[in-house]
Amino acid sequence: MQISIIFKALRASKIKTALIYLSLSVTLGSIFLITSISQGIISMYSNMLQNDGDIIVTQAKISDTFFSNVNISLLQKIKKIDGVKNISALIVGAAPVNTLPIVAIYGVSHNLFQKYQLIWGRYPKKGEVIVGQSIANRLGNSKSLTISDSAFRVSGVFQSSIGFENGGIIMPLQSAQKIFHKSASLFLINSNLNKKNTTLIKKIQAVSSKIDVKSTQSFLKHYNQFNIIKKSSFAISFIAFLMGLIAIGSIMSITVIQRKDEFGIMKALGISSKKIVSFVILEGVIIGLAAFVTAYLFSNLILILIKHTDTLQGYVNGTIDFWLVLSLFFTTLAITILGSLLPAYQALKIDPATLIQRGN
Amino acid sequence: MLHAENITHIYGNEEVLHNVSLSLKKSSLTAIIGESGSGKSTLLSILSTLLQPTSGVVSILETNIKNIQNIDTFRNNNIGFVFQFHYLINYLNVIDNITLAMNHKDNTYLKSLLIKLGIENIANKYPYEISGGQKQRVAIARALINKPKIIFADEPTGNLDSKNSKNVFDLFKNITQTEDVTVVVATHDLQNAQSANIIYEMNDGHISNYN
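Same order as they appear, the protein sequences are chains A and B.
The working numbering puts the first residue of the first sequence at 84, with every later residue one more than the last.
The working numbering puts the first residue of the second sequence at 11, with every later residue one more than the last.
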């Protein structure tokens, strides 16, 4: 049976083909977007921490860096440990800024300023902040800001490829300590060691029982928030997958019932069961592949729009990488093949003898 | 060519065929006549391998149909069908309908068939663009495309006027000779059935020779 016949069959049931195409496009588009955005959030935060150190120190027995409070006095003790090349402190917080209800605020020790690439101005002193480019635009390039209840002067604007930073405000650690009433959210340590830092981590851990020391890689791997994002994203994607499966299965089942005579005559003429099953499944796969391409293009367009939506302040960012495309391609095949199996079985069960008995 | 012995078939609690036996000769035209509900369509379904009888033996080309390993391939190679409602696929043109289950690539034969059935001019038309008589000739071409040994036709003239009905029977009679094919027709059309070599009559599930 020629492939052109399958295209003719799809064209003949325009509305049903369009319905399957649309439902699959929405399903795959949702999976593309939810996965790429959640991956984007994880990679932005991971990059932010990975760039600044290979060991991370947080408060012990606390589930999120936002709530972590590490005593700053420990910084000097850790700095003296053999193998520690560089140590910096960071406060991660969020606060209202001028009229914006929530903006990411980073209080950083002075040695971290250099990583922020200034577009103009200079690094901040006491009572000053530098502002990420996207949030600067959002704040109308204002020269003074009210963060929480405190007034700050903008000493410069920086640019960062990491959305959380580009949409955030950087201030000296001391200023952030006053706003957030904490010592430091975490320490980031660069070590002299090229090999595993296990011994160094043990030494740092020995400094205080109130801290938790991990390699940044291990921290990110086990970070609760990432696991929650990943699991939520998987759950939503799985629900979208099931909905796509149900949509293709039910619409194609209706199509097969309406085309009972067509499959009946195929069976009467001796077209093999294998060919009839392939015929039904290929119809689903062809629509699925068209929906896959549409979903890919549509999702990229949405991500570009999201990227340029000022109100999101650069915090929502997603990229569709090769592996996501590949996995979604196989997901498309899985949805269409699984969704077409029941309709294909229905087509096979059509009794061609009914064609003879219908007129009598 | 085809032998049926003591065919009995039961639908639910009703016995619709009672010990039906018949034989068909090679290259003959056989008509099975009878009222609606007489059992002729059930018999045709069983003889054409579309339905398994409750009991009895059907042999086609010296093979008991119960012993055929791949019934789809057997039908595709040896049996053609013509139905009252044509069952042409509306989204396929005449050529695509005829070649839907074609198992060879002999386009010369396809062309000769189109010419023989007088449908070469409508080859690229769709079923909804042609008349009832033309549709039935397309269906006959579809039945003949794999050079079958036997064609089963169920009320092939049921939707045709008398002129087209006669043409169809003439065509059947003709192909029994030119295509060396056996044709079995279940019909109400007693007048045209007279052109058959053998006529069987079905009555209440029983078969008899029609005189």
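Since the hints were derived computationally from the structure, they do not count as laboratory data.
Among these hints, one or two may not hold up.
[What the hints assert, rightly or not] Using C-beta positions, here's what the derived DEER-type ranges look like:
#, chain 1, residue 1, chain 2, residue 2, range
1, A, 310, B, 100, 52 to 62 Å
2, A, 361, B, 171, 54 to 64 Å
3, A, 325, B, 119, 48 to 58 Å
4, B, 119, A, 358, 13 to 23 Å
5, B, 219, A, 421, 54 to 64 Å
For glycine and all other residues, C-beta sits at the position ideal for the given N, C-alpha and C.
Here is what the structure says about each hint:
For the pair residue 310/A and residue 100/B, the beta carbons lie near 54 Å from each other, so the given range of 52 to 62 Å is met. For the pair residue 361/A and residue 171/B, the supplied restraint of 54 to 64 Å is violated, since their beta-carbon distance comes to about 40 Å. Range check, residue 325/A to residue 119/B: Cβ separation about 50 Å, and the 48 to 58 Å hint holds. Checked against the hint of 13 to 23 Å, the C-beta distance between residue 119/B and residue 358/A comes to roughly 22 Å, which is consistent with it.
Between residue 219/B and residue 421/A the Cβ separation comes to about 55 Å, which falls inside the hinted range of 54 to 64 Å.
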